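Novice: Working from the sequences, and respecting the hints, build out all of it.
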Amino acid sequence: MARALSLVRHEASVDAPRLALGDDGLVERARRGDVDAFEQLYRLHAGRVYALCLRLAADPVVARELTQDTFVKAWEALPRFRADASLTTWLHRIAVNALLERRRGEKRRSARVSLADDEDAAEMIVGVVAAPDVATAIDLERAVGALPPGVRRAFVLHDVEGYTHEEIAAMTGLAAGTLRAQLHRARQLLMRALSL
Amino acid sequence: MTEHTSPDDRLNELTAALPREVAPPPDLWPAIRAELAPRSARTIQWTPRWRLAAAGLLVAASSSILTLFAVRAREHTPAAVAVTPRDTAPVAEERLPAHLVVAERAYARSIDALWRTLDERRDSLAPSTVATVERSLRIADSAIAEARSALEHDPANRVLEDLLVSNYERKIDLLRRATELAPRT
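One line per chain: the protein sequences are A and B, in this order. For the first sequence, the positions run 1 to 196 when this note's numbering is used. For the second sequence, the positions run 1 to 185 when this note's numbering is used.
Hints listed in this document are in silico derivations from the structure and should not be mistaken for laboratory results. Any given hint could turn out to be false.
[To be verified] If the Cβ cut is set under 7 Å, some of the chain B residues that face chain A in the computed set are:
| no. | residue |
| --- | --- |
| 1 | 22 |
| 2 | 29 |
| 3 | 31 |
| 4 | 35 |
| 5 | 36 |
| 6 | 122 |
| 7 | 125 |
| 8 | 137 |
[Stated by the list, open to error] Calculated pairs, DMTMM-like style, for lysine to aspartate or glutamate (alpha carbon to alpha carbon, straight line, at most 20 Å):
| no. | chain 1 | residue 1 | chain 2 | residue 2 |
| --- | --- | --- | --- | --- |
| 9 | A | 73 | B | 180 |
| 10 | A | 73 | A | 24 |
| 11 | A | 73 | B | 162 |
[Stated by the list, open to error] Restraint-style ranges between C-beta atoms, simulated for each label pair:
| no. | chain 1 | residue 1 | chain 2 | residue 2 | range |
| --- | --- | --- | --- | --- | --- |
| 12 | B | 108 | A | 178 | 33 to 39 Å |
| 13 | A | 86 | B | 134 | 43 to 49 Å |
| 14 | B | 124 | A | 102 | 30 to 36 Å |
| 15 | B | 95 | A | 76 | 32 to 38 Å |
| 16 | A | 178 | B | 131 | 51 to 57 Å |
| 17 | A | 166 | B | 134 | 30 to 36 Å |
| 18 | A | 83 | B | 131 | 40 to 46 Å |
| 19 | B | 142 | A | 104 | 35 to 41 Å |
| 20 | B | 124 | A | 83 | 28 to 34 Å |
| 21 | A | 32 | B | 126 | 23 to 29 Å |
All figures in this text were calculated on a predicted structure; none of them were measured in a lab. The beta carbon of each residue, even a glycine, is placed where N, CA and C say it ideally should be.
Specialist: In structure tokens form, the structure reads like this:
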């Protein structure tokens, strides 16, 4: 996890590509099989997709694989993409699905994450932050990475990416009550970890 | 931030300050590119069979020559350790540098995906074409195995490392071209 966070810290200073104001032309060309157009879409969106995957997975190797899966699936599904939707949201949804598929394929313990799993999470993540008075963004990244997976997913999608409860429910299949509970739990754990 | 900021507000401030973008690994796009199947028959590039075969032979020849040079260079280094007999078994992952392990996994995923595509379209290819493709891929596999085997004896040799990576790239290129020979069913 420390490796993942150091990566975030290091790469955050890199000039990220600007998001396209209009991807329509590129999408249309990519739909027709133009790989160069798809590469341009990748260059425009990969930074946000990779950031999401890195935070969801808390592991750079897994994040890389999820990003790869996301863009390969996007290429395959692009003919079905509706032009009136946001490409970023659509890519994020594919990334979340890729993560969920991966979790389902893992062992039961890591696949079935519930609030009951994180009884000791507060104790776990308090130790992650070096000192209580250095509540910086890097500490927050570290603390988010140490959250239990389900709680982390809810926090990243809602608080970091800004998706609404309804959008997250559509992406993850979570019930509204479960999502609210996970978000509350995430904030509690993070505030405790950061000594806020 | 003021001293009276609530914990909730402070957490919101910190969250809002997180970077929204993180640059992905620079070698990610080539790995993705290798997995992209042709969109439609209109994009198929009909590669003559002889070019596939030639590409396979080129992989084998260049790989063997480069491996030989790399190994000889190591043998002629005064501080070189005596060469041990070659082991034909694949290099264990833990004996490879970590970045190469990650790269190999990515290549394996790309190769698997291309193989699946090729298998799906195999029936639309002439038997002679399938035979040519398979022969070329066997040659490519042999070149990869040769580079891996050499790397086992000299894990720090950057030339061998580059050679292994380029052999993977060539195999992926062969597979991609083979999938482009077959129209989508």
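Novice: Does each hint fit the structure? Answer for all of them.
Specialist: Consistency of the hints with the structure:
Interface hint status for residue 22 of chain B: upheld, as the beta-carbon distance to the closest one in chain A is roughly 4 Å, under 7 Å. With its C-beta approaching chain A no nearer than about 6 Å, residue 29 of chain B sits inside the 7 Å limit, and its interface hint holds. Because the smallest distance between the Cβ of residue 31 of chain B and any Cβ of chain A comes to about 6 Å, under 7 Å, the interface hint for this residue holds. The criterion of a C-beta within 7 Å of any C-beta in chain A is met by residue 35 of chain B, whose closest approach is roughly 5 Å, and the hint holds.
Here the hint on residue 36 of chain B is kept, as its CB sits about 5 Å from the closest CB of chain A, short of 7 Å. The criterion of a C-beta within 7 Å of any C-beta in chain A is not met by residue 122 of chain B, whose closest approach is roughly 20 Å, and the hint is violated. Of the supplied interface hints, the one on residue 125 of chain B is violated, with its beta-carbon coming no nearer than about 20 Å to a beta-carbon of chain A, more than 7 Å. Annotation: interface hint on residue 137 of chain B violated; nearest CB of chain A at approximately 21 Å, more than 7 Å.
With a C-alpha separation of about 19 Å, the suggested pair residue 73 of chain A and residue 180 of chain B falls inside the 20 Å cut-off, and the hint holds. Proximity of residue 73 of chain A to residue 24 of chain A is assessed by CA-CA distance (about 19 Å); at most 20 Å being required, the pair is judged to hold. Pair hint residue 73 of chain A plus residue 162 of chain B does not hold up; C-alpha atoms about 29 Å apart against a cutoff of 20 Å. Under the hint 33 to 39 Å, the C-beta atoms of residue 108 of chain B and residue 178 of chain A, about 36 Å apart, fit the expected range.
A beta carbon spacing of about 44 Å between residue 86 of chain A and residue 134 of chain B agrees with the range 43 to 49 Å that was offered as a hint. Checked against the hint of 30 to 36 Å, the pair residue 124 of chain B and residue 102 of chain A passes, with Cβ atoms roughly 32 Å apart. For the hinted restraint 32 to 38 Å between residue 95 of chain B and residue 76 of chain A, the CB-CB distance of approximately 36 Å keeps it satisfied. The given range of 51 to 57 Å is respected by residue 178 of chain A and residue 131 of chain B, whose C-beta atoms sit roughly 56 Å from each other.
At about 51 Å, the beta-carbon gap between residue 166 of chain A and residue 134 of chain B misses the expected band of 30 to 36 Å. For the pair residue 83 of chain A and residue 131 of chain B, the beta carbons lie near 44 Å from each other, so the given range of 40 to 46 Å is met. A hinted range of 35 to 41 Å for the beta carbons of residue 142 of chain B and residue 104 of chain A is consistent with their spacing of about 38 Å. The given range of 28 to 34 Å is respected by residue 124 of chain B and residue 83 of chain A, whose C-beta atoms sit roughly 32 Å from each other.
Distance hint check for residue 32 of chain A and residue 126 of chain B: the Cβ-Cβ separation is about 28 Å, which falls inside the suggested range of 23 to 29 Å.
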